[in-house]
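Student: On the provided structure of chain A, position chains B and C as indicated by the hints.
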Amino acid sequence: MTRLLREHPPIDAELDSSGDLVAFRWNGRREPVEVCNRWRVEESWWNQPIARDYFKVAGPRWLALIYLDRVDGSWHLERLYD
Amino acid sequence: MANPSPNVQAALATLRDRWGGAAPRWGGEVLGALAVASRPIPEDEVRPTGRPAIAPFPADERAIPTGFRALDAILGLGGLPRTATTALQGDGTSGKTTLGLRAVAQVQAAGGIAAYLDLARSLDPVEAAARGVALEWLVVLTPDTLEEALSMAAMLLQDRTVDLLLLDLPPLTGDRAGLSAAALGERLHRLAALARRAEVQLLVLEPPNLPAPITGALAQIAALRLELSRRAWIRLGRDVVGQRTEVRVSRDRYGPPGRATEVRIMYADGGPRDACLARDELLGEMAPGSGPRVAVPPPGAAHFGTAPPGGLRPVAGPSAVRPSPSPPKLALPVPADATSPSLLAPPSHSPGPRPVLRTLRGGADRAGRHAVDEWAGPGRQQVGAGAGGSAGHAARRSPPAGAGGAIPRP
Amino acid sequence: MPLGAAHRLAPEARFLDPNPEADGAALEAALDRLAGFSPGVAAEADPTAPGFGRAEVQLDGLERLWGPEPLIASRIGDALAEVLPGPPLAGIGGTRFAAAVAASLAGKAGGTAGAATGAATTGAGRVRLHVVEPGADADFLALLPAATLSRDPEVRARLDRFGLRRIGQVAELPLSAVVARFGAEGEWIHARARGLETEPFRPRRAPERMALALPIEPPVADIEALRFVLHRLAATFGDQLVGRGAAAGRARLTLELDGTFVPGETPPALVIDQRLPEPTSEGLAVERLLLARIEASPPPALVVRLELELGDVAPAAGTQLTLFTPQTGRTGRLGWQLARLGIRFGEHRIGWMEIGDPEAPLAEQRWSWRRPVGSGGVAAPDRERRR
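Keeping their order, the protein sequence lines are chains A, B and C.
Using the working numbering, you'd call the opening residue of the first sequence number 1 and step up by one each time.
Using the working numbering, you'd call the opening residue of the second sequence number 1001 and step up by one each time.
Using the working numbering, you'd call the opening residue of the third sequence number 2001 and step up by one each time.
Hint data in this document are derived by calculation from the structure and do not stem from the laboratory.
Treat the hints with caution; some may be incorrect.
Among chain B residues calculated to face chain C with C-beta under 7 angstroms, some are [to be verified]:
{"no.": "1", "residue": "I1074"}
{"no.": "2", "residue": "G1111"}
{"no.": "3", "residue": "P1125"}
{"no.": "4", "residue": "V1126"}
{"no.": "5", "residue": "W1137"}
{"no.": "6", "residue": "V1140"}
{"no.": "7", "residue": "L1141"}
{"no.": "8", "residue": "T1142"}
{"no.": "9", "residue": "T1145"}
{"no.": "10", "residue": "M1155"}
{"no.": "11", "residue": "D1159"}
{"no.": "12", "residue": "L1194"}
Where a beta carbon is used, it is the ideal one built from N, C-alpha and C, also for glycine.
One chain only, chain A, in its complex shape:
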């Protein structure tokens, strides 16, 4: 099951030369990851638009769910599988 990090802590995403996600940095630690799934969520475009690209990523320590907030360009960690 997953843990939902309620505050969606901001993270730094590391992309390679082709623009693919290869690692993210959280709480000072770098986690090299492989993207194993991705999808997009778009909601409430008439209200407060939500546009996120979700990435399910697997790394040496974690299987995690991170997203790119396309509204402001920030990256966040949403879930950790445990």
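Tutor: Chains B and C only, in chain A's frame:
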């Protein structure tokens, strides 16, 4: 209060034989009535609901089963001790949260009330409910510091109103601690003693790299200490859908330590694809962190667009998924070691196995829903039907977190 | 009889014009005084009604506050002396009927078996008191005329016809025999004769307002000292509620403050409104919750008076057999404990998670918190309240 008459005693004994911990108890007067408890079911039967069955493993009365037979088999009591402290240690994605919440569900199914000290601020009620936790019998406390958590826990224990206390420790940085580590270690000792006296089960989720006095205290107070370490990812195509975890008994007051076993934890996210999780031939393994990235996805699997340098560019059109002919329909059971999935497509007879290695849009976050229906092919209907099957489970108490079904909600 | 004839018979008597208004006002004044002693006061306040002039005071638990029963009666007598023209007759008994009968006998010479007679006199006030020993109601009534059991002349005639002269004779009969002869009324008469309570006590004030206050001399700010006083108030209420078969759903504690030596703006009183996690008659549970509130926001000055008021008082629901889950029977205690935890650590620290829309697109939209009843709230300084 008078003791029950022999007739009442006999009746209570019969009920207890049949229902175990869910039977009414004598506490001066009859307390409670029968829980709507699932009867123990044989292992090869598909579990239609997320609630854990009372495990058939012959656990000692002093223990609650973990839900993983292989694990129960190596524990001295055949489960986690009811009136002592258990510590679950594990780094990263190791399964300790899954195990901890499963214990909560088991205690509740047996008629108990649980309290969750959510120091890590990461409890997801939808996930918990999907895995069989009864939210109405789970008190959630959100302390600011470990010190506050221990004070709250002590107050709860004094009145004995809960049966299980789960302390979810985050990796402790300075601001989350409160007191000094040594003082906290001391408080942990006292808490464990209080729990023993109150006969309340204490369960601690222990991340790595805690300050030494705290790990030291946990090592001493835990009657049972399990170390969880992930051995491999389990994959369905490209996606990671589960893990294989080794559980080692590093301490067991009730039996010999040092035993180890493996459990498989599957991440059912709710959707027709979950049925694939039961099909071993569809699953592959990968040691975590190894292996090259697959450049060309296998047919039917997700196709990931690439973006130009400078950042990810929104991919035109549906980014990942091609409509599938139909979701797989199986008659095979979910492996006994799987976490109860939040949703199981109802088993039905299939004309033959179909190798549909399709990773659906939508992961554990159920983010597959889109505000705008991008395509409506026959595949969509199938997805809807698959998800609709879950809605037929009227017995479910918490509504299943469904997949697909892209109806925009204002 | 005509007034003149009466004059001739009793030349020394004083004859007053009837003044129902004044009578009514006097009774109201008396009842107000009585209310200061007990939250359970009932009376027939209509001056034209036959029962006018009789007041009932529920004494359960009051010995904590005012001392043993005869002393309570004496203090009541003192309080009433200012508003009544003469010493009232008082009776103390285990049932309303026994107490009323005792009162009618108060002051008469001689006693009856099982009862203590005596006139409690004190100072300027005087009350003529007849006390029935606890549990001795049936004995007390036994030798009294059976006609006392009912005001109905039909019933009285019938009692006489059957040769039942004393209450004790009625009490000795089996219930079935009495019911056979008197019908449904017989059950009632029989119970009365045996010293059983037949009429629920209905305090006059509605909606039910139960309030008691104690002055604190010397004034204190110490939590322990406040607890001592609060305990007496809460326990008294508990006894009263149990005696009435009722339970309270709300509590209000008013701490009247002494602002003399505290600089700045001190409100005259600290008012704590506390919703109870469930209706209760357990004084101790209410006390603990209120203490948690006091500890969370201690009074800014010395407390000179403590008033406890219980609200939402209603007949207590019978204990229900909890169905469907074993946990349900324990929610009561759990609710109280969580309320205390919420008061101590903050309302937003305790609760249950509830799933709203599990299909909502964003995880945070799918669920919400439910907080325990009575876990929140801050003591509100009330500038308006001043006695």
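Student: Each hint should be assessed against the structure and marked as holding or not.
Tutor: Tested hints:
Annotation: interface hint on I1074/B violated; nearest CB of chain C at approximately 30 angstroms, more than 7 angstroms. For the restraint placing G1111/B at the interface with chain C, the shortest Cβ-Cβ distance is roughly 3 angstroms, inside the 7 angstroms limit, so the hint holds. Interface hint status for P1125/B: upheld, as the beta-carbon distance to the closest one in chain C is roughly 4 angstroms, under 7 angstroms. The criterion of a C-beta within 7 angstroms of any C-beta in chain C is met by V1126/B, whose closest approach is roughly 5 angstroms, and the hint holds.
The interface hint given for W1137/B holds, since its Cβ lies 5 angstroms from the closest Cβ of chain C, which is under the 7 angstroms cut-off. Here the hint on V1140/B is kept, as its CB sits about 6 angstroms from the closest CB of chain C, short of 7 angstroms. The interface hint given for L1141/B is met, as the beta carbon of that residue sits about 6 angstroms from the closest beta carbon of chain C, less than 7 angstroms. Annotation: interface hint on T1142/B holds; nearest CB of chain C at approximately 5 angstroms, less than 7 angstroms.
Interface restraint check for T1145/B: the shortest CB-CB distance to chain C comes to about 11 angstroms, outside 7 angstroms, so the restraint is violated. The criterion of a C-beta within 7 angstroms of any C-beta in chain C is met by M1155/B, whose closest approach is roughly 6 angstroms, and the hint holds. The interface hint given for D1159/B holds, since its Cβ lies 5 angstroms from the closest Cβ of chain C, which is under the 7 angstroms cut-off. Because the beta carbon of L1194/B sits about 14 angstroms from the nearest beta carbon in chain C, more than 7 angstroms, this interface hint is broken.
In this structure, the hints that do not hold are numbers 1, 9 and 12, in rising order.
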